[in-house]
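Protein chains: 2
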Amino acid sequence: MAKTKKAPRPKAETPKGFRDYFGVEVTERAEMLRKIAGVYHRYGFDALETSAVETVEALGKFLPDVDRPNEGVFAWQEFDEDDKGDWMALRYDLTAPLARVYAQYRNDLPTPYRRYAMGPVWRNEKPGPGRYRQFYQCDADTVGTASMAADAEICAMLADTLEEVGIPRGDYLIRVNNRKVLNGVLEVMGLDEGDQRDAVLRTIDKFDKVGEEGVRALLTEGRLDASGAYIDGVGLTHAQAKPVLAFLTSKSDDAAETLANLRDAVGESAMGADGVQELEAIADLLAAQGYGPDRIVIDPSVVRGLGYYTGPVYEAELTFEIFDDKGRKRQFGSVAGGGRYDDLVKRFTGQAVPATGVSIGVDRLLAALREKGRIGGSVEGPVVVTVMDRDRMAEYQAMVAELRSAGIRAEVYLGNPKNFGNQMKYADRRGSPVAVIAGSDEFDAGKVQIKDLVLGAQIAENATLEEWKERPSQFEVPRDQLVAKVREILDGQDG
Amino acid sequence: MAKTKKAPRPKAETPKGFRDYFGVEVTERAEMLRKIAGVYHRYGFDALETSAVETVEALGKFLPDVDRPNEGVFAWQEFDEDDKGDWMALRYDLTAPLARVYAQYRNDLPTPYRRYAMGPVWRNEKPGPGRYRQFYQCDADTVGTASMAADAEICAMLADTLEEVGIPRGDYLIRVNNRKVLNGVLEVMGLDEGDQRDAVLRTIDKFDKVGEEGVRALLTEGRLDASGAYIDGVGLTHAQAKPVLAFLTSKSDDAAETLANLRDAVGESAMGADGVQELEAIADLLAAQGYGPDRIVIDPSVVRGLGYYTGPVYEAELTFEIFDDKGRKRQFGSVAGGGRYDDLVKRFTGQAVPATGVSIGVDRLLAALREKGRIGGSVEGPVVVTVMDRDRMAEYQAMVAELRSAGIRAEVYLGNPKNFGNQMKYADRRGSPVAVIAGSDEFDAGKVQIKDLVLGAQIAENATLEEWKERPSQFEVPRDQLVAKVREILDGQDG
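Residue numbers (our numbering), protein chains in the order written: chain H, 584 to 1078; chain B, 584 to 1078.
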């Protein structure tokens, strides 16, 4: 028999690695996602919402020879008597559920299937500063077509989306590259696989940091880094390194010129030529729709995450400058990325299905909108109707009802009304723009006091009603002008 | 060493008890929740979004003497070397996270704290028809005030919410009762606790079904039911049963009369009198805001879920009729319910905090809107631009870009364009209102064919382009009138 013990009080704590979102944090994200969904809808993408839970089998994160699914996911075993229930897990992205859904419903879904999905995903990882174990993703994918028009469409949609949520043209750039081009370059270098190939790929990743000459040195004999340490080179000859450098420096302001440079870099490689042709097709399609290089560019330096993709890759970069933690200016950077991948459904059906898609970093984009002052400006606090006389509660309620009917956010103070200062502190905490005050004097005279809290000085803790009334930011108006006066003050605050 | 074996293909299946939501199922719910959030916002309620995951300790579902949390929740143990990690679980409602948040942030939150929350919750229960293990909840609660104004406010907000989402006045009724009134009735009957009290409560629950005389018989000597079986009574005398019957039949069209009847029914009970007074306060507050008995009524027959609540309880009932599974007419019924509860935060802090709140049954309300024809009418399929000539893809893309710029949902067919019939089948599957057709003839002539698919007959599988062109629902217009003509057809379809 188990011992009976008094349970201690539970701790009121957000679980480690998770967080709570309050007020505008919730509504601003919802509003941004709604705008994004509007653009996706206009492009013919359909919403899909799968459950948070998938079988570990379908997620593909199950290692068949260990008892416990690997650490990346939150997983548990379904209870049954023999302890042989299925392993279930929280989805870690929105792509794995799409693969499952497409395989499951492929006979009923249109082909190609354009779908978007928005929602939280979960990662069973060590949390760190700014790294949470639950966060939002926002994906759009087209499944079932190899046409470059699908890739071009997603790039155009991404540009439209950024403008729709409030990133002005000129402050973003969609950069497009193709995995096959780099593969072609490596092919002509005789680096189809192996350690040296991996070393070359790692070196290419440093292009943004060390530039052309740095990469040239690192691909060949090595170089001294800024700290004076000698970094060994990959050991290529300068002739071998040439196609890589041609690839990395191929970008021109003119798309046709960039493509010509790339064609040179891939030389005889059929795969490389294929990649250049795909880029050309995308560039033509985008040009026909009026998406010029001020919005979307061919840029061979897009290398991030290339390993996952099989053809075109694209990235949305915000080009305006912000100050980093150390006060240095830098570009805001990437807020979305994606590309073409082919084995989405193969795990389930054995058939390869081509697909291409993009994922927006929801928190990154929200942070960008905050940087640009597009959101986070106003707290949208309610008008607070204070309570001077408990027995008049019905009359205070009638006031807020009138304000709400006029579309004004309003509430009656429902705490203990005894200390008026507490009511004003409450209004302050609520971010209220206006307080309404009416005691028996006002009711007898058919009047009401309306206080502009934005104009007014900061709330003193123990101010008396009389002190408040003397402030110039307070107005006495006839009761039937309550809504009009509040509206006038709110309009003035907006201006 | 583990044996190496080839993993079989995973099954592409929605996990048991879960479901996938497609297209309008997602967007209609999102739109309804957005409208609800708008009303809640206007009433001064702030959004709160907690993570899906809570510690089992905070959820309060952990049985301290067993290794495994009880079955109602999906739970797992955090991994650490000693297997002593915390137990985590998916939230099973939105109230338990509110309790945790209020306890955790009580010094920073305004008091009272009005918050709303919307999102999925999870139940580890045996799934059944229409019963899922993940579903949406939509809650609004006011924490930290015992004022009846908080309860009245939520009733008014509920009425406004139903009208906002599309339930017209007259098709719903908010019914308000008070737990203390029934307790008072039982107190004057000498039934403070025990088996007989429970039997009386069960009998009260049957009032809707068996009526006044039926309840009278069941409370006393028993009765024959419809099938001819004799149902034993609770064994009260007719004098004892009188207050219960007075309570159950106290409802009048006039709130004052209902309250007077209830005052009679509770007799000398202080608790009962308290309950009646609370109902009276709510009725007065609502009357002052113009919420009459056509929207909100005092109704002592609201008994469901009374056990959980400590004071006022309220329920939103949709009064229009639908046909049930057996073709019988019945009222649509309840879509929301709530009430006052006091020990929300006590588990964490030891202090009782008064709270009152409502939960809307999201799926029920969506079903009601579907019944009323408010949603689900149009599939919102995109205009499909078909592909007659693969090499003209850029020109087809330019067409959809123009349509989208005009706010029209549009897409290019991106499947294999070889079989035109397949393109029209695709358009059918997408619910497209309009198809755009342009081959070399049209391009040479600067024209485009526009087909009204709603007007047109159902799509024949192997129709040729020529057959399609002969249909009267197809129009040839100059290329530069594409958007105007499509708009004209869409407007005609709406009308």
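Source of the hints: derived by calculation from the structure; they are not laboratory data.
Don't be surprised by glycine CBs; every beta carbon is placed ideally from N, CA and C.
Each hint should be verified, as a subset may be incorrect.
[Unchecked claim] Looking from chain B toward chain H, a few residues come up when the C-beta cut is under 8 angstroms (computed):
(1) Ala641
(2) Lys667
(3) Ala871
(4) Asp882
(5) Val886
(6) Met971
(7) Asp974
(8) Met976
(9) Gln980
What are the numbers of the hints that this structure violates, sorted from low to high? Hints 2, 4, 5, 6, 7 not satisfied by this model.
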